[in-house]
Each structure stands twice: as C-alpha cells, then as structure tokens.
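Quick mapping for you: the protein sequence lines, in order, are chains A and B. Mind the numbering: the first sequence is residues 1 to 95 in full-length UniProt numbering, read in order. Mind the numbering: the second sequence is residues 1 to 95 in full-length UniProt numbering, read in order.
Bear in mind the hints are in silico, worked out from the structure with no lab data behind them. Possibly wrong hints are sitting among the right ones.
The list cannot tell twin chains apart, which means a pair is met if one copy fits it or any two copies do.
Each computed SDA-like pair below joins lysine to any residue, with the alpha-carbon atoms no more than 20 Å apart [to be verified]:
hint: 1; residue 1: Lys95; residue 2: Thr30
hint: 2; residue 1: Lys32; residue 2: Gln65
hint: 3; residue 1: Lys9; residue 2: Ser85
hint: 4; residue 1: Lys95; residue 2: Val4
hint: 5; residue 1: Lys95; residue 2: Arg24
hint: 6; residue 1: Lys11; residue 2: Ala28
hint: 7; residue 1: Lys95; residue 2: Ala6
hint: 8; residue 1: Lys32; residue 2: Asn89
hint: 9; residue 1: Lys34; residue 2: Leu63
hint: 10; residue 1: Lys9; residue 2: Leu82
hint: 11; residue 1: Lys95; residue 2: Leu79
hint: 12; residue 1: Lys32; residue 2: Ala8
hint: 13; residue 1: Lys32; residue 2: Leu82
hint: 14; residue 1: Lys95; residue 2: Ile45
hint: 15; residue 1: Lys9; residue 2: Ile90
hint: 16; residue 1: Lys81; residue 2: Ile50
hint: 17; residue 1: Lys95; residue 2: Pro48
hint: 18; residue 1: Lys95; residue 2: Glu29
hint: 19; residue 1: Lys9; residue 2: Leu22
hint: 20; residue 1: Lys11; residue 2: Lys34
hint: 21; residue 1: Lys95; residue 2: Pro16
hint: 22; residue 1: Lys95; residue 2: Ala28
hint: 23; residue 1: Lys81; residue 2: Ala8
hint: 24; residue 1: Lys9; residue 2: Ile76
hint: 25; residue 1: Lys95; residue 2: Glu56
2 protein chains.
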Amino acid sequence: MIKVVAKAKLKPEVNPEDYIMLARELVAETRKEKGCISYALHEDINDPTIFTMLEEWENEQALEQHNQTAHMVRIIPELKKLRESGELNIYREIK
Amino acid sequence: MIKVVAKAKLKPEVNPEDYIMLARELVAETRKEKGCISYALHEDINDPTIFTMLEEWENEQALEQHNQTAHMVRIIPELKKLRESGELNIYREIK
Chain A
1 MIKVVAKAKL
11 KPEVNPEDYI
21 MLARELVAET
31 RKEKGCISYA
41 LHEDINDPTI
51 FTMLEEWENE
61 QALEQHNQTA
71 HMVRIIPELK
81 KLRESGELNI
91 YREIK
Chain B
1 MIKVVAKAKL
11 KPEVNPEDYI
21 MLARELVAET
31 RKEKGCISYA
41 LHEDINDPTI
51 FTMLEEWENE
61 QALEQHNQTA
71 HMVRIIPELK
81 KLRESGELNI
91 YREIK
C-alpha cells in the first residue's frame with residue numbers, strides 16, 4: 001500500500017465552499033476506482049485556507065491510473081485555479 | 001477523529017537510519033497511548049530525506065495528552081536536531 005498527502009493552500013480571495021464542492025465531486029468519483037483503498041478531503045483545524053486529500057492506494061500502478069482518469073483530468077485544473085500553492089508526497093510505511 | 005500529518009526534511013548530512021531508529025521508539029511508545037487510533041512512520045518514495053508521521057487520534061484532548069508524555073518530551077528534541085525543517089497540520093475530514 002502507498003499513501004498520498006496532497007496539501008493545498010487556497011488563494012485568499014477564494015471561497016472555501018467553492019473548493020469543497022469541486023473536491024467532493026472528485027472524492028465521489030475516485031472512490032469508485034479499482035485500487036483506491038481510501039480517499040478523503042480534510043480541512044486544517046487551525047487554518048481555514050488549507051485543504052488536504054489523504055489517500056490510500058493498493059500500489060503505484062493504481063495511483064498512476066487514477067491520475068489519468070477523466071474526473072482527475074477535468075477537476076484537478078479547476079482546483080488548481082483556486083490554489084495559491086500545493087504540495088504532494090507519496091509515502092510508504094516504515095515498519 | 002482528528003488526523004495529524006507531521007512532515008520532516010532531514011539535514012543533508014544526517015543518516016536516515018539514525019532518524020528512523022529514534023522515530024521507531026516513538027511509534028512503539030505512542031501506540032500504547034489511550035486515544036491513539038494509529039501512528040506510523042512513513043518515508044517519501046521519491047525523496048529519501050523526507051519522513052512523515054501519519055497519525056489518527058480520537059480527539060484533540062488525546063493529542064494534547066500525547067504531546068506531554070515522557071516519550072514525546074524526550075524524543076522530539078532529538079528528532080528536531082536531525083531535521084532541516086518540519087511542518088505539522090491537524091485535520092478533520094470533510095464529509
């Protein structure tokens with residue numbers, strides 16, 4: 001299993017509800033994908049401009065396929081327009 | 001439930017094994033704590049200097065108690081000596 005932490009900081013003028021609405025659509029579609037173990041939108045409890053997707057995937061191949069899906073190709077550019085910055089890390093657990 | 005993502009970038013001269021050894025001790029002690037749902041060390045699959053603790057806690061009170069435990073007070077300053085930078089975010093899921 002691999003895990004993804006995809007953290008975004010919104011532009012100050014953006015209404016968080018606009019970001020959440022788009023991200024919810026992405027969550028609903030992504031959870032139907034093969035190889036997706038979990039995929040959930042989170043808000044920072046101390047900073048209302050930070051939103052992070054916490055994801056679990058069976059393997060890297062599943063994640064690569066996810067990145068090519070129609071919903072990702074359509075929604076990610078829309079989300080990026082609302083972000084001031086973003087960072088994405090892919091992790092494996094150290095036992 | 002709340003989730004914590006605690007990401008660290010090691011100083012370039014640090015041996016990652018030294019960081020992992022200390023962090024493993026923290027993992028073992030923390031998993032015994034009341035209110036700890038999960039607590040696991042992760043490595044970035046693309047950057048061998050990035051290590052991130054992914055944590056799930058029952059509530060903020062459990063996390064506050066965790067921060068005052070003897071193992072945290074003892075081990076966190078040791079880990080910080082090995083880090084170039086770090087960031088910590090606390091999240092709740094948006095359903």
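Problem - Structure versus earlier hints - violations, ascending order - result: Of the numbered hints, 6, 8, 12, 13, 20 do not hold.
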